[in-house]
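Q: Below are the chains, spelled out letter by letter.
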Amino acid sequence: MSTSKQIAFSRRSFLKTSALASGGMLIGFNLFNACKQDVKMPIDLSQLNYNDFNAFIKISEEGKVTIFAPNPEIGQGVKTSMPMLIAEELDVLWDDVYVVQAPLDTENYTRQLAGGSQSLRQGWEPLRQTGATAKQMLVNAAAARWGIEASECTAKQGVITNPNGETLGYGDVVLEAAQLEVPEEVTLKDPKDFTIIGQKTANVDIDKIVTGKPLFGLDYKEEGMVYACVLRPPAFGQVLDTYDETAAKAIPGVIDVITIGEKTRAHLEGDNRSWTAQISPSDKIVVIAKTTWDAIKGKKAIKAVWKQDSEAETTEFHDEQLMQILDGKKFRTRRKDGDVKKAFAQADKVLERTYESPFLPHNTMEPMNFFANVTPEKVHLVGPVQTPEDAAKTVSDMLGRDLKDIHVEMTRMGGGFGRRLYGDFVYEAAEISNKIKKPVKMVSTREDDMATGVYRPAIKYRIAASIKDGKITGYHLKEAAINGNMYGLIPNFFPAGAIANYQVDTANYKSNITTGAWRAPYTNFLASAEQSFFDELAEELGVDRVQLHMDLLENVKNNPEPKIEYSPERLQGVLKLAVEKSNWGKTSGEIYQGLAVYYCHNTHVAEVADVVMTNGVPVVKKVTCAVDCGIVVNPLGAMNQVKGGIIDGIGHTMYGELTFNNGEPQSNNFNTYQLIRMGQTPKVDVHFVKNDIAPTGLGEPTLPPVGGAVANAIYKATGQRLTKQPYMNNLQAEKVIG
Amino acid sequence: MPTFNLKINNQTHTVEADMDTPLLWVLRDQLDLPGTKYSCGIGQCGACNIHVDGNVMRSCLLQVSQAEGMNITTIEGLSKHGDHPVQEAWKAIDVPQCGYCQAGQIMTAAAFLEKNPNPTEVEIRNAMNGNICRCASYNSIEEAVKVAAEKMS
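Chains A and B are the protein sequences, given in the same order. Take the first sequence: its position 236, counted from the start at 1, is 360 in the working numbering, and no numbers get skipped. Take the second sequence: its position 72, counted from the start at 1, is 307 in the working numbering, and no numbers get skipped.
Keep in mind the hints are simulated off the structure, nothing from the lab. Careful: at least some of the hints might be erroneous.
Stated by the list, open to error - When the alpha-carbon atoms are kept at most 30 Å apart in a straight line, the in silico DSSO-like pairs for lysine-lysine are as follows: (1) A:Lys332 / B:Lys386; (2) B:Lys381 / A:Lys316; (3) A:Lys746 / A:Lys280.
Stated by the list, open to error - Some but not every residue of chain B turned toward chain A, in silico, with C-beta under 10 Å: (4) Thr256; (5) Gly270; (6) His316; (7) Val330; (8) Lys386.
Here the structure is a predicted model, which means the values were calculated and not measured. Glycine residues also receive a C-beta, built at the ideal position from the N, C-alpha and C atoms.
Take these sequences, add in the hints, and give me the full structure.
A: This is the structure in C-alpha cells:
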C-alpha cells in the first residue's frame, strides 16, 4: 500500500546545507516538494524560513542535534515519532536529539506537514532519507580529513571511526560537512539494525505538560491583548435580527460590543470559498473585554433576537429524511461488481438490516480559540489549527490582504479529532481584530464549542446480503447521510472483493447544520454497522464468526481482480492473533465476547470485546486488540493511540449523541453530553503484528471496529441486536434484566 | 473593583477582580499560571483542578472571594522541579496524548494519594472518575496512579 517507494528522490533538490555563523551545520529539507532553485540557506537560526523548507536540522559542534519543525501536535505523537525517523538514520543517541516547535517569531510559515494518521506513513521514507544523507555528509567530511575513502569509515551513535580505530565525533566535522556536495544516493538501514525506531520513546513535550507550562492556544498571550467571546445563533437556520448590549456594556471589564459577520459571509458567497469554511452566515455579536471572564459574563448579558433564515430541523426530521432516502431509489453508485439484483432474486434468503447513528460533536478538551492581530503591516494569527495554510488563504480572501502578509503559527492542540481542520474560529478572530484594531484572543466557552460545532453527521446504513446454498452471494450497502460522508475509497474496503455480487450506493440530505470530519472519518460508524451485520450473517448461516471471515478473505485471495485497498493476508493475520490472545470461544460463562475485524486508514485491526452483566447492565471489561500497522516506530506512542482509539470508540458508541430541536443542539456541556469516564473503561490488551512493512498510522484505525465488537458481545449477553447508536440509549431494559 | 489577597504556591498575590470571578480565570488571565486549564466551566471535567488546603477542588467553581486565606496549590507549584511522584509516574508511563487535561488529572491523583497512599483499583477508579480525558488515555492514567502510589506509600 505504501506509495513511498514510487517517489524518485534526488537528495540534491530536497535538501540543502549551510554552516551556521554561530557554529554547527544546518540542514534544511522538504518532504514532498523539491526545494526552490534560488532559495538560500540561512546561516543564522533566527532566519529559518519555513516558506522554503518544511523543517531544519542543526548539528552543533558538540554533536547535539536539534530538529526545528513547525508541524502541529494534536495528540497522536507525531512530534516525537517523526524526529525518531531522522535520528535513526542519522545514527545519533536519542538523548542528544532536541525537538523544537518552530519558534513563535517565525513569520513566514505557510506550509504544513501532513497531519493525522497519514503523517508517519508519508514521512517514513523521506525523513529517513534526510537523516541518512546528513550522516553520509558527515562521514564524507571525516574521510576527507583522514584522506581515505568514505566507504572505509563507519558511523554509529554520533561517532565516525576509521580502519585504524581513530574516531571523530559528528560535531568535529560539521563545518566541513556543511561545505560538501549533497550526495545523490544513500543507503537506508536494514530494519533489524534499528536502534531508535521500535524503542519506547516518551513524548518530547512530556516535561512541559506535567508541569503546566504554556503550550496550548488558550495559553498564548501578547502584550495589549484583549479577550473576545462571540454570541452566535443558538440554532442552525437562525440569523441575528436585533440586540441590546446595554447590560453587557455596564460590566466593568467589558470594553466594547461589536458585530462581525459580513466578511465571513462575503467569503461564503464568493468564488474562493474554502472547504474549511463550515460557519454560520449570520452576523454575530462580539463582547470585547479585559479578561476572559469579563467577556463570558458580557456575552451572557446580551439580549439578542434571532430570526429564522432557513429550515429549523429536528432529529426526528433528519431520521425521516434519511429513512426516505434509504427507501427510495436516488443513489450514486460507488462500486458495482456482478449483479446484486440478480443474486437477491435467486437467493434462498435475504438478510437486511438498517443501522443508525446520531450527530456527534468533537468536544476537544481545549475549546476552540484563536489569537489574531490585524495591523496595516501584517495579519498575525496564532493558535490550534490543523490547516494553517488554508486558514491563511481564507483570511487573505476575507480581509482582502496579500497572502504574504498573513502569518499563521500553530500551538500545541488540546485535542483535534477533526474539529481543528475547520478554521471558523480563525476567521472570527481575524474579523474581530480587523474591526477593533487590537490584538485579540477569541475564546469559545464549552457551551459555544458544543452548540456551534462542525459535527460528525447523522448517518444510516441499510445493508442487505443474499444467501444461496449456505453461501453469501450478494452484498448491497446503501448509505444515507446528512451532507455527505462517504468518499471514493470506502467501497474498496472489506468485503469488496470477497463477494461476487457487490454494490455500494450513497445519497445525502443537505442540511444547514455544519458537518465535517470526525476521528476516523467515513468509517467511524460504517465499521460498527458492517461488523454487526457480519455477526448476524454468521449466525444466519450457522457458521462460526471467525471462520466466516477467514473464508471470505480466502475468496479475496482467490479473486484474480479484487480491486481492493486492504490486504486479505494481513486481515487474516490480525484476526488469528486476536482470536489467540483473547481466548476467543474459551472464556467462562460470565464473559460474553464480540468480534470485529477491519481495515481503514491503511491499518489492519481485529478486536474482541469482553462484556459482563453487572446489575443487569452490560459492561465492557476488556478489549483485546491485534494491530498490523507495519513497523511500530514508537511503541509507547503507538500503545497510547491504540488504547485511546478503542476507549474513545466505546465511549461514543455507548453514550455519544447530539440531538436537535428546531435547529438547536440539545446538549451544550458535559452535564448533558456524556463522555466516557475512567469508571466505564475496559482494560485494553494490545498486540502488534511483527513485520518489516513500512509503518502506517494509528490515530484512527482502532476506533471504527470497536462499536461492532461491543454490539456483538452485548448481543451474546442480552440477546439484543443493537443497530442504533448510542447503544446505552437503545437497550431494552426488560430484556437486559431478563 | 474589590481586591483579594491570595496565597498561591506559597506566594501571596493581590488581585483586583469582581467577587464572582472564578479562581480559574484569575490564575490564567491575571497571575500567568496557565497550567490550570479551562474546559467545561461547570465542574464536570476536572481540567481546572487545584489543591485548596490540601483538598482537590474545581477552580472554575471557586469564586475568588472564597479563596482568600486558603492555601492554594496549582500544577505549577505541585513540586519545585516537576518531580512529584505523580509527575514522575506520568513521565514514566508517558500518559499524555494531547496533554490538555493532564494537569487536572495529576492534581486529582496527587491529592488522592496523599490521603490514600495504598489505594485499591476500585478506589483509584472512583477517585479519577471526575476527570475527563477526551483522548481516552484512561488505561495509562490508571497505571500511572498505581506507579505513583508505590512510590508514595
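Q: In ascending order, which of the hints set out earlier in this document are inconsistent with the structure?
A: Those not satisfied are hints 2, 3, 8.
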